[in-house]
Amino acid sequence: MGILNVPNFAQGHLYMVAAYLGFYMVMSYGMNYWLALVLATVALGVFGLVIYGLVFHRMRNAPEVNLFVAAMALLMVLEGIALYFFGASTKWFLIPFTRRVITFIGLALPVQRLIIIVGTLVVMVLLELFIKKTAVGAALEATAQHREGAMLCGIKVTRISAMAFIIGTGLAGIAGMLIGPAVLLEPTMGMGPLLVAFSAIIFGGLGSVGGAVLGAFILGLVESLASGYVSAKYSLIFVFGIMILMLLFRPKGLFGREVWRP
Amino acid sequence: MEAIRTVFSPKAVVWILVLIAAVAVPPIVGGYVTSMLILIAIWTIMCFSMNLIFGYTGQLSLGHSAFLGIAAYTFGLITVKLHVGFWPAFFIAIVFTGLVGFLVGIPALKLRGPYFILVTLGFAVIVGVIVLGWIDLTGGANGLFGIPRPNPIPLPGGATLRFDSLLSMYYFILFFVVLIGVFCHRLVHSLIGKRFIAISYNENLTESLGINTMSQKLLSFTISAILAGIAGVLYATYNAVISPELTHFARGMDVVAYLIVGGAGTMAGPIVGTLVLMAVPEVLQVLPYLKTLINGIILMLFILFLPNGIIGWFNANLGRRFTSRRAVHGSA
Amino acid sequence: MALLEVAGLTKMFGGLTAVSELNFDIQPGELLSIIGPNGAGKTTLFNLLTGFYRPTSGTITFNDIDITGCKPYQVTRHGIGRTFQLTSIFKKSTVLENVLIGKSLHAAVGVWGSVLRTPATRREEQKIRKKAREILAFVGLGDKEDKVAGGLTEEAQKRLSISMALATDPKLLLLDEPTGGVNLEEISGLIELVGKIRKSGTSICLIEHKMRMVMTISDRIVVLNYGKKIAEGAPKEVASNNEVIRAYLGERYAA
Chain A
478 MGILNVPNFA QGHLYMVAAY LGFYMVMSYG MNYWLALVLA TVALGVFGLV IYGLVFHRMR
538 NAPEVNLFVA AMALLMVLEG IALYFFGAST KWFLIPFTRR VITFIGLALP VQRLIIIVGT
598 LVVMVLLELF IKKTAVGAAL EATAQHREGA MLCGIKVTRI SAMAFIIGTG LAGIAGMLIG
658 PAVLLEPTMG MGPLLVAFSA IIFGGLGSVG GAVLGAFILG LVESLASGYV SAKYSLIFVF
718 GIMILMLLFR PKGLFGREVW RP
Chain B
126 MEAIRTVFSP KAVVWILVLI AAVAVPPIVG GYVTSMLILI AIWTIMCFSM NLIFGYTGQL
186 SLGHSAFLGI AAYTFGLITV KLHVGFWPAF FIAIVFTGLV GFLVGIPALK LRGPYFILVT
246 LGFAVIVGVI VLGWIDLTGG ANGLFGIPRP NPIPLPGGAT LRFDSLLSMY YFILFFVVLI
306 GVFCHRLVHS LIGKRFIAIS YNENLTESLG INTMSQKLLS FTISAILAGI AGVLYATYNA
366 VISPELTHFA RGMDVVAYLI VGGAGTMAGP IVGTLVLMAV PEVLQVLPYL KTLINGIILM
426 LFILFLPNGI IGWFNANLGR RFTSRRAVHG SA
Chain C
897 MALLEVAGLT KMFGGLTAVS ELNFDIQPGE LLSIIGPNGA GKTTLFNLLT GFYRPTSGTI
957 TFNDIDITGC KPYQVTRHGI GRTFQLTSIF KKSTVLENVL IGKSLHAAVG VWGSVLRTPA
1017 TRREEQKIRK KAREILAFVG LGDKEDKVAG GLTEEAQKRL SISMALATDP KLLLLDEPTG
1077 GVNLEEISGL IELVGKIRKS GTSICLIEHK MRMVMTISDR IVVLNYGKKI AEGAPKEVAS
1137 NNEVIRAYLG ERYAA
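Protein chains in written order, with this note's numbering: chain A, 478 to 739; chain B, 126 to 457; chain C, 897 to 1151.
It is worth saying that the hints were derived from the structure and are not from the lab. Keep in mind it's a predicted model, so treat the numbers as computed, not measured. Idealized CB from N, CA, C, for every residue including glycine. Be aware that one or more of the hints could be misleading.
Said to hold, decoys possible - Label-pair restraints from in silico Cβ distances:
1. B/276 with C/1018: 33 to 39 angstroms
2. B/430 with C/1129: 55 to 61 angstroms
3. C/1013 with B/157: 25 to 31 angstroms
4. C/1096 with B/134: 57 to 63 angstroms
5. C/1013 with A/718: 39 to 45 angstroms
6. B/142 with C/1006: 32 to 38 angstroms
7. A/531 with B/409: 21 to 27 angstroms
8. B/277 with C/988: 45 to 51 angstroms
9. C/970 with B/221: 38 to 44 angstroms
10. C/965 with A/543: 33 to 39 angstroms
11. B/276 with C/1038: 39 to 45 angstroms
As the list claims (entries may be wrong) - In silico BS3-like cross-links for lysine-lysine, where the CA-CA straight-line distance does not exceed 25 angstroms:
12. C/1043 with B/136
13. C/1106 with C/1132
14. B/136 with C/988
15. B/235 with C/967
16. C/1026 with C/967
17. C/1067 with C/1027
Chain A extracted, bound-state conformation (with noise of 0.2 angstroms):
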């Protein structure tokens, strides 16, 4: 089931604070839906700038864990605000396609699942496009492969870390507006998504954009067959298994890179 997933980028920065405006979003209703998908993401895009100035670009310095540190007060923070806001229970976000079914050579397919792989495809394919086909793209993984050696190379890279969060929290806000329709809305649906994303990512391997998409597929299979066969609540352990798994034996994943040693 699609879950659009963040690669890791310039210096791991925390996408669990991602997932989470992504389901911050998901609650401007009363809108044309298209529309409210373009303003989300703009909206976060925003707030994704704001943060990283008040915030990341503050610690760019600090060790690595302290930008955790962060990203989890934020996370906090946010739950709080929503459970403030919007209170402890379930919503439900409703537009004109979520039930709608669309039946095709005899599948019933919901119409709202069909948007969210579309949108996941053709998101991916125009951040591939991004990444390997335009400058900036190219001093994103510059930049994400060696910090120092991209500064020498004259990339600002303030700048291209501002950047890739911005994106980050630009797709989080897509991811949100796409998959909200489909699931219940509650402050703590970020946690879920965000955990399998990064089992993705592990999964597929470091640093490489096609391994978690792939991961991210598989996983996603992984976790609709253990609903389905085993039970929708445990359908997680098996997803988590698997990454755990992966790492006992291959550390790297898939299709990971080798790891820069000093």
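Let chain A serve as the given structure and place chains B and C on it in line with the hints.
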């Protein structure tokens, strides 16, 4: 000689005063405050646990709430359903938790940084899912009831030590806080502790010096899991009721907040942080659902401006007064 | 019998070959220098030898034991010690503590012993501390044991990193540019230290750029260029080798 000098150093005097206050205050202030203090004490133990693996060994684990939960549920289940005695159950619960910690640590510690954090988080989520879902075993969302207090202990001279009262539970738990505090202090100042700290500073360098960093990290992780387990059992026996909420990773994040605000990598940090972040909201009568929000905001402010926490700031600025020895190597 | 034997050692990073088919050995008691232009693969070689990188192919034999693919701590326990190009010390700790960590691999201490402060543990800790002090004295930092490591001069920090490696009791010490960032007067002090270490029985393998130093103190030299060995032998031989001169053409070293 050295011992006497240490006992009377300014730092030791402060600790002794704190201990005296901890012992003397509860009988004076009555039930509400005492029950608050009990909870603070339990979470302080949790904080010591996090301090060991995060503050001193540099690995941030968001999974320790699971260890607390596992220990609490193991203890609860075998006392309630299998009618095992208090102390054997305590022991079994803790050993089991330590074992789980060990097994989880093996794959998890192969990862560094954010990936390790994610995996431990995932572990906490999984445990949460299991505890919630396995209704036959754990009672699911309804929780587990009827967990007993410690058995009365016969004392020499005919009297028995009973644990029915709030005050008695407080001292019981305080005993563990002190025990664990001393344990951590000794461990951290020993050669093994120095290895942990070295790992937290530069894992590659430490490994190049011949130290099997994996085994040391595993040791730290397992011990911290056990400590978290102790907190879990103590919570279970105090509260008599436990619910899956205990294992929720948000609890783990709260503890990290306590630790950072107090000062990771110091001995006084966990105590100060837990005290401040748990007591202040109570004093200000803050609504419970705002707690996460407030913790998050405070944590954000601290990590941006005071990443070494309250005690860390203390050490840096007033260090000359309170550091009785030269140690800059991660001590209070 | 060679102390260290490297055969067919190759390391590729994706499409980039960092080190290719290296063959050389180090005899006990000698000082071998590895030189070559920047990017020739010297530090990569050290990383391979100490287990930080896994070779793509080839073998590394130390003291007749195959250590190819061993983890870094295992390599150190076999007897190879190492310093890093970027001075690697624990900047926030004191000088003594730095060396204590280095020595701690030999400490027979356990959790219970440490927590209960048993006499055995205390004795062990005393022993380790004493040895650490000896090493500091040997290296010339004896009077600085309580100073915070980050506050030392560059040269003292280099000495400290060497003392940490020495604490692991190595039979072979790999020094990666020990005189990097050190000024001219201080260099002779470091050279003296290296000589002292040799005399105490440890073999040394040195990566250096300062030619005069290399020529003076080395028994043998191995020259790398683009990951391949292009020359090997005594200093005079290597200095007059055409390949070597071509590799260094246009560059002059003032050392």
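| Would the pair residue 1106 of chain C and residue 1132 of chain C pass a check requiring their Cα atoms to be no farther apart than 25 angstroms? | Holds - the C-alpha atoms of residue 1132 of chain C and residue 1106 of chain C are around 16 angstroms apart, at most 25 angstroms.
| message | What's the verdict on residue 1026 of chain C and residue 967 of chain C, does the C-alpha distance respect the 25 angstroms limit or exceed it? | response | Distance ~29 angstroms between residue 1026 of chain C and residue 967 of chain C Cα, so the pair is violated.
| field | Status of the given 32 to 38 angstroms range, CB of residue 1006 of chain C versus CB of residue 142 of chain B | value | holds (33 angstroms)
| task | Could you see if the CB distance from residue 277 of chain B to residue 988 of chain C stays within 45 to 51 angstroms? | result | Between residue 277 of chain B and residue 988 of chain C, where Cβ atoms are some 49 angstroms apart, the hint holds.
| Distance restraint hint 21 to 27 angstroms, applied to the beta-carbon atoms of residue 531 of chain A and residue 409 of chain B | holds (26 angstroms)
| request: Would you mind confirming whether the straight-line C-alpha gap from residue 1067 of chain C to residue 1027 of chain C stays at or under 25 angstroms? | output: Holds - the C-alpha atoms of residue 1027 of chain C and residue 1067 of chain C are around 17 angstroms apart, at most 25 angstroms.
| Pairwise hint evaluation, residue 967 of chain C against residue 235 of chain B, where the allowed Cα distance is 25 angstroms at most | holds (13 angstroms)
| request: Take a look at whether the Cβ-Cβ distance between residue 276 of chain B and residue 1038 of chain C falls inside 39 to 45 angstroms. | output: Given range 39 to 45 angstroms: violated, Cβ gap about 58 angstroms.
| request: With 57 to 63 angstroms as the target window, see if residue 1096 of chain C and residue 134 of chain B comply at their CB atoms. | output: Violated, since residue 1096 of chain C and residue 134 of chain B (Cβ atoms, about 40 angstroms apart) do not stay within the stated range.
| So does residue 430 of chain B sit 55 to 61 angstroms from residue 1129 of chain C, Cβ to Cβ? | holds (60 angstroms)
| query | Falls inside 33 to 39 angstroms, the C-beta gap from residue 965 of chain C to residue 543 of chain A? | reply | The hinted range 33 to 39 angstroms holds for residue 965 of chain C and residue 543 of chain A, with Cβ atoms some 35 angstroms apart.
| Has the hinted range 33 to 39 angstroms been met by the Cβ atoms of residue 276 of chain B and residue 1018 of chain C? | holds (37 angstroms)
Figure legend: structure checked against the earlier numbered hints; hints not met, in rising order: 3, 4, 9, 11, 16.
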